[in-house]
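**Q** Those protein sequences? They're chains A and B, same order as listed. Counting the first sequence from 1 gives a position; our numbering is that position plus 50. Counting the second sequence from 1 gives a position; our numbering is that position plus 50.
Heads up, a few of these hints could be off.
Remember, identical chains collapse to one label, so a pair may be satisfied in a single copy or spanning two.
[What the hints assert, rightly or not] Taking lysine to aspartate or glutamate pairs in the DMTMM-like style, the calculated list, with each CA pair at most 20 Å apart, reads: (1) Lys176 to Glu189; (2) Lys130 to Asp229; (3) Lys370 to Asp356; (4) Lys134 to Asp193.
Since the hints were made in silico from the structure, they are not lab data.
There are 2 protein chains.
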Amino acid sequence: MSPVKMIRGASRVWSGSTARSVRAAADELVLVSRISNGITRLQRTMATKVITPENLNPNLVKLEYAVRGPLVIRATEIEKELQKGAQKPFKQVIKANIGDAHAMGQVPITFIRQVLACVALPELIKTGDFPEDVKKRAEDILDGCGGRSVGSYSASHGIELIRRHVAEYIARRDGHPCDWNNVCLSGGASAGIKNCLQMFVNRVDGKPSAVMIPIPQYPLYTASLAEYGLEAVGYFLDEETNWGLDVQELQRAYEKGSENSSVRAIVVINPGNPTGQVLTRQNIEELIAFAHKHRLFIFADEVYQDNVYDAKSEFISFKKVLTEMGAPFSGMELASFMSVSKGYMGECGLRGGWMELLNLQPTVQAHLYKTISAMLCPSVLGQVAVDCVAKPPAPGEPSHERWLREKAGVLRALRERAAMVVDAFNSMPGFACRPVQGAMYAFPRLALPPRAAQAAARAQQAPDVFYAFRLLEETGICIVPGSGFGQRPGTYHFRTTILPQRDVLRTMLDAFKKFHEEFTREFS
Amino acid sequence: MSPVKMIRGASRVWSGSTARSVRAAADELVLVSRISNGITRLQRTMATKVITPENLNPNLVKLEYAVRGPLVIRATEIEKELQKGAQKPFKQVIKANIGDAHAMGQVPITFIRQVLACVALPELIKTGDFPEDVKKRAEDILDGCGGRSVGSYSASHGIELIRRHVAEYIARRDGHPCDWNNVCLSGGASAGIKNCLQMFVNRVDGKPSAVMIPIPQYPLYTASLAEYGLEAVGYFLDEETNWGLDVQELQRAYEKGSENSSVRAIVVINPGNPTGQVLTRQNIEELIAFAHKHRLFIFADEVYQDNVYDAKSEFISFKKVLTEMGAPFSGMELASFMSVSKGYMGECGLRGGWMELLNLQPTVQAHLYKTISAMLCPSVLGQVAVDCVAKPPAPGEPSHERWLREKAGVLRALRERAAMVVDAFNSMPGFACRPVQGAMYAFPRLALPPRAAQAAARAQQAPDVFYAFRLLEETGICIVPGSGFGQRPGTYHFRTTILPQRDVLRTMLDAFKKFHEEFTREFS
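Isolated chain A (complex conformation):
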């Protein structure tokens, strides 16, 4: 019995005293109180851990990462229940919450995996039946490894050969030179982003530093800003112009943010996550001019640069635009991030990525590299995947045709599914879904019946979270509510990936539609 219940019990004892002697009741109260104190003491001993929720780093308490939040934890539980034979109205959980392509059945690119196998077990270069360019690549990479083993530490910013290949890739992409010394390999893009954000942990002009982030945003940003105690200043993307950037809104957010903080950097995600837009050159130019005016460091999250589906859209890097705008813009500080987890390769589990640093003050860049060095190095096998992405088989090489076919196949399938998802949502009453021009997600808006909002309030959940939990329990579909990314107050969205394979996606969209109709009926 808890101390509180004990005390309640004691009150009952006391209030019943009219029928018995006051003395006896008082005795009982003392006894109950003693037991209660004992329990409290015991609880305190049990509870007095060195580290408690009260004295834990408050930034960690505040940190939220919706893509792997309570819904996903529940989805994993349901998977286990299904495995144990539980009866549900569905046969499988569909994890449309996370951009995890291979988990959704996308097949790895053969060239990447062949090179990985050869560097992991170099005897395969001799004994295995692999194309010459695979063997050559494996040999080249091993030449760049200490003791010719991927088990050696690399330099903290990555193997020089691979950094050079990345620089060549960037130069080809943009038509402008790239200095390999400014390319830093990382364990996925997230590690690089966090390292760069950390530079801003400092009060400036007596105010805490702040970073502008889009709303909706990818929650790594709010999570990392919270972790570092940095302020997040959200600027709304404009759903009406397909989640475009609006300079007036940037200005509004900047001014609001500047009241209590020192705004020092701005994050842009292009193609957009969760919003799927591809920025136009004009939009990019506007943002660069805005950042220049307010002296902001630009974080260009460009991990979806290969994922453009809309025929009229084109990925243009911030580096390219900034360079072509000339001085003074071409001298601005920029960090651009890329990953092997997305694109056509989808190698999330390998943890490979890079960042290009532009125009950083050399001492600052040296401090950044030094900080990274304490973590020794990013996974060398992740770096190997980076190499295969930065320098894919060239025309004429034995693996070229297969690589091209596989890459085109993945991107074609994604393009089809992007359209399929958007069409399906736009056919459901109450839904409005912008085209998925790029990336891997749809972010439809839905109108929730007022009674659903009331039911959510009773369940102490945001309405979109309430909806997502119901969807999960009734259909096995796991999505991320818009509140995990941020949305304009009073609007509701969610993010779903376009990654489930065609048949599964069809099943998922049908189940979703049926659920939505029933949900709407129930709460109308």
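Chain A is fixed; fit chain B onto it per the hints.
**A** Here is chain B on its own, set in the frame of chain A:
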């Protein structure tokens, strides 16, 4: 010309005015001043980066990581000079600065590499010529991966199957149960250590939090504490008792640290890095009792648990001792760290590791796991290596004998070289080197002639840094000066690995001896 020089020029102009009209001089001054202002403006524009050494996160400026510091940067430069044909008094750089076994010629464990190749390219399970247990292991791991691909994200704390194997490993090692829910996989031990340290970023009782660390220490600790703005409270290990722990010294350090900070945790490295000692059970018990008395969270850095060479020493885990001490000690909070980078496997580049969390308050553990989740997951291939280490081929399985032979071979070679290094240093005048009972390093003390200290002062270097740079330039041997780990004031040490292969090590020790004799002669 700098603005300062310009102004100086203007003063000269002004002071020369007696010989000319004051007016003309004044005109010149105005002109010079205008040019000077222009240059200042230009310089300001050029120099005013958004992020400068002045407004950069000061923790990053403070952070130092000697294992990859200026000496190593210079060593890499020298390697490039040699490649370009530069004439040096040596033919190769020997990087004895870092515990990077494969880079020093150690051969990978076949079982690990075969499993890696099979999970990276699963068609090899069918087409390749691999032992049955390799194929079975690869299949089991792929069953634990989304879409049966190592390119899928795993759970943030790792693949459940592998966490279970780690828990079984720990239970076998200690003879006490281990709950797999408390095992969290990480990208090497460093990532786990940093995640745990971060929990303490909070002021308690109005004072900044502090963590006790051994001196000498592995500089990841000072680097990470600096990064997080946590105070480091050093306790000296006792060189006289072969770098043992002394409770009086612990108490002294605690009291000193408590003056201005709130001491909340203690780090122990066993077997020791850089000091190579293996703690006795009594020493471990004393530390646990001390930590209990002062309510300290214990960080047990046990990454060298397989590296014990001394016949009279034995690795005993903190978890085992704490458990066997019974209540109240068995309820203490502990995090123990392990890695695939060290031991007999030396797979540094794969970035695999784990931590076991003991007795954490469940809400605190949930916050920690949530924080980790924003970084998505550790390298899945690193996790695969963890699996092979936690559950090596069992007796009777086809790979068992080879695995046993390879493991024993690596450890035997390390044992021989540990003795070889210690003997060599103890044969040099001015050196005193404690036995290397475990880990991968010798940490000899050396007496430097007073004139060397004076020369170092002129070069604005610590004497041991001065010595190490001279050694590098004259012999190509790269070691880490003791000041990078911490040492008692007035004493000088350095850390060298015992990893170079026998012949290279012989060459290295001979060159070292010759250098030391000449150095001593020069400065005596």
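**Q** Okay, which hints does this one fail, numbers in order?
**A** Result: no hint breaks.
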